[in-house]
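Trainee: The hints should help you fit chain B onto chain A, whose structure is shown.
Chain residues, written in single-letter form:
Protein chains: 2
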Amino acid sequence: MTPAGYLAVDSGGSGLRVAVGVPGREPSARRETRDPVRTNARGIDPAHLMDQLVPVARALAAEAGVGELGTAVVGAAGFATLGDALRAELPGALARELGVRTVALAADAVTAYVGALGPRPGAVLAAGTGLIAVGTDLTGWRRADGWGHLLGDCGSGAWIGRAGLEAALRAHDGRAGGSAPLLAGAEEQFGPVRGLPGLLYPRTDRAAVLASFAPRVAACAAQDPVAADILRAAARHMADSAAAVCPADGTPEVALTGGLFKMGDQLLTPLREELARRLPHARQVPAEGDPLHGSVRIATDLAAGRLALPGDRAMLYVRRTPGVGAT
Amino acid sequence: MTPAGYLAVDSGGSGLRVAVGVPGREPSARRETRDPVRTNARGIDPAHLMDQLVPVARALAAEAGVGELGTAVVGAAGFATLGDALRAELPGALARELGVRTVALAADAVTAYVGALGPRPGAVLAAGTGLIAVGTDLTGWRRADGWGHLLGDCGSGAWIGRAGLEAALRAHDGRAGGSAPLLAGAEEQFGPVRGLPGLLYPRTDRAAVLASFAPRVAACAAQDPVAADILRAAARHMADSAAAVCPADGTPEVALTGGLFKMGDQLLTPLREELARRLPHARQVPAEGDPLHGSVRIATDLAAGRLALPGDRAMLYVRRTPGVGAT
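Protein sequences, first through last, are from chains A and B.
The first sequence begins at 7 in my numbering and counts up by one.
The second sequence begins at 7 in my numbering and counts up by one.
Chain A on its own, in the form it takes in the complex (with noise of 0.2 Å):
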């Protein structure tokens, strides 16, 4: 009899990363699609999601050697806030088309603070172009931030390119806190700058352009006080959102994940400062893995009956269906 194995799989913006493995063995295997899920009036479409989902599952587990998906994890952006129709449908889906009997749904948030802590206290930042930090004590999840380029994100790659792409036009303008070698750096990667505007405003995607410039912000910090001040803000916003979501008990542990941290030294020396600062009772560690392993991980524990994290509608949902086969 072939082993019962997991399907575990990440939604985000560029796709879906899905991950097949029978639990206690490693490595699983593993593909990417290039369609990020669609989002309808509904929320996430499940429908889409499964589109894509069931051919990359069935050819992931004949690939594997596994017999039966026991056991399905989908963390996806969005779900939080427009998760209604995943909740609704996926379940069923999932045992209609893969016999799955047991469905984890979670935030991307939660896999990947379970990516990089695993199922301990903790808080976790997540930071890309954008910033969620999210926590728990075992009993419940709390999160913060993650509201957006406009609303927050407050310390994410879109933030400090901004802040940096304002010092360089208040330099341009002689206002008071510009910064001549960011104005330098926004002429070097955008042209002339009375031209930014009109580079800016007319995409779709904003942040992703503002966020863009945050490597020029860390590559002048040695050099440049602005920069530098910019990043320790950063750093501030950062440890403001690590604050309000991590244990206040115990010894927590906290974690950075995410593309944004890649921007060195300029950025982590203040941060972890600031870390040690706001919860000086807090242990800081490397992240054990990324988004992906946290459903991995997820799956593996739900598999074996031992999932030791709170559910929550919003931030991780377990449906248990009847096995199919069984009726």
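Because the hints were derived from the structure by calculation, they are not lab data.
Every residue gets a Cβ at the ideal spot worked out from N, C-alpha and C, and that includes glycine.
Honestly, I wouldn't trust all of these hints.
Stated by the list, open to error - Examples of chain B residues toward chain A, derived with CB under 10 Å:
no., residue
1, Leu104
2, Trp153
3, Arg168
4, Arg212
5, Ala214
6, Arg242
Claimed, not checked - Across the chosen pairs, the derived CB separations fall in these ranges:
no., chain 1, residue 1, chain 2, residue 2, range
7, A, Pro316, B, Ala182, 23 to 31 Å
8, B, Thr327, A, Gly19, 34 to 42 Å
9, A, Pro316, B, Pro208, 28 to 36 Å
10, B, Ala182, A, Ser218, 27 to 35 Å
11, B, His287, A, Gln195, 32 to 40 Å
12, B, Leu274, A, Asp57, 52 to 60 Å
13, B, Gly146, A, Gln290, 50 to 58 Å
14, B, Thr327, A, Asp211, 38 to 46 Å
15, A, Gly19, B, Leu274, 38 to 46 Å
16, B, Arg319, A, Ala53, 15 to 23 Å
As the list claims (entries may be wrong) - Covered stretches of chain B, as calculated for chain A (at least 3 residues, CB under 8 Å):
no., segment
17, 157-167
18, 178-186
Mentor: Showing chain B alone in chain A's frame:
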């Protein structure tokens, strides 16, 4: 013989405001259109402007008993960056259609300046949803900010509203820097804040949505220190822009114009203090009039051959066309 008159125009986000009059004879006849002039790949569309302007100008001239429109002044939002087609075509079109011989094309910030201060050296802050500062020593123009809600417009209505919503969401998350009164105000205005990203990001008028929250920030400021800090920071940003454009010598005048300043003393008191601190040599004066008043003022000075303001291709562009009837 009927007297020679002028045509004055303020072209903005809500359409055209048009005045026809005779120098020395007040008031002028006025009318508004509701169709904002289109922008295409060549910039502001001169044909679309003329289509709206010509019938209104003819009707107003008849109404005012003006025979010949010798002078026309058009102040237009976006002129500084999107004015190429206007410069190329509008003087000729106005000569052909309306017999105008002297045309001045101006950035709306310049007509706002002249409306507020007339042809005197100083600085004008024009603030509504956005913010720009314009200054002149009568030998050239300077401007600061006006970069839009993502790159600047620091201290504007959109800036104040955005900062207020960020403080509301900080309170919601339990992050530092939050304001419970602003959170209550945000939920009163927009409903549960979890839905705010879904309300804001799909809109094309995001800056206006942000600015719509600015009056709540002002209303909270008497009781709420976070809201009061936002207005003080806005005042500092405005003073940064005014200081960047105000002549350093002599006794320049400084004036405020635009809808934002209707917010009252919660904003005006810290702004007056900042301006006094940053520009102790300048005299703060009330604005005489609005941008259409500025267009009228430029037109009457041009008609009388006594325009004291400096020409500038991007700010105030004057062009004389030989009379059509004279060829």
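Trainee: Now look at each hint and say whether the structure bears it out.
Mentor: Right, here's what the structure says about each hint:
The closest approach between the C-beta of Leu104(B) and any C-beta of chain A is roughly 31 Å, which is over the 10 Å cut-off, so the hint fails. Taking 10 Å as the C-beta contact cut-off toward chain A, the hint placing Trp153(B) at the interface holds, the least distance being around 5 Å. Using the Cβ-Cβ criterion of 10 Å, the hint placing Arg168(B) at the interface with chain A is satisfied: the shortest such distance is roughly 6 Å. This hint holds: Arg212(B) has a C-beta 6 Å from the nearest C-beta of chain A, less than the 10 Å allowed.
Interface hint status for Ala214(B): violated, as the beta-carbon distance to the closest one in chain A is roughly 12 Å, over 10 Å. Taken as an interface hint, Arg242(B) checks out: its beta carbon lies about 9 Å from the nearest beta carbon of chain A, inside 10 Å. Between Pro316(A) and Ala182(B) the beta carbons are some 25 Å apart, a value that agrees with the proposed interval 23 to 31 Å. About 54 Å separates the C-beta atoms of Thr327(B) and Gly19(A), a value inconsistent with the hinted range of 34 to 42 Å.
Between Pro316(A) and Pro208(B) the beta carbon distance is about 32 Å. The supplied range of 28 to 36 Å therefore holds. In this structure the hint that Ala182(B) and Ser218(A) lie 27 to 35 Å apart at CB holds, the actual value being about 29 Å. For the pair His287(B) and Gln195(A), the supplied restraint of 32 to 40 Å holds, since their beta-carbon distance comes to about 38 Å. Checked against the hint of 52 to 60 Å, the C-beta distance between Leu274(B) and Asp57(A) comes to roughly 58 Å, which is consistent with it.
Between Gly146(B) and Gln290(A) the CB atoms are about 54 Å apart, so this pair conforms to the stated range of 50 to 58 Å. A hinted range of 38 to 46 Å holds for the C-beta pair Thr327(B) and Asp211(A), which are about 45 Å apart. One distance hint, 38 to 46 Å for the beta-carbon pair Gly19(A) and Leu274(B), holds here, with the actual separation near 44 Å. For the pair Arg319(B) and Ala53(A), the supplied restraint of 15 to 23 Å is violated, since their beta-carbon distance comes to about 56 Å.
Coverage of the segment 157-167 of chain B by chain A holds in this model, with 3 residues showing a Cβ closer than 8 Å to a Cβ of that chain against a need of three. Three residues within the 8 Å Cβ limit are the bar, and the segment 178-186 of chain B against chain A gives 5, so the coverage statement holds.
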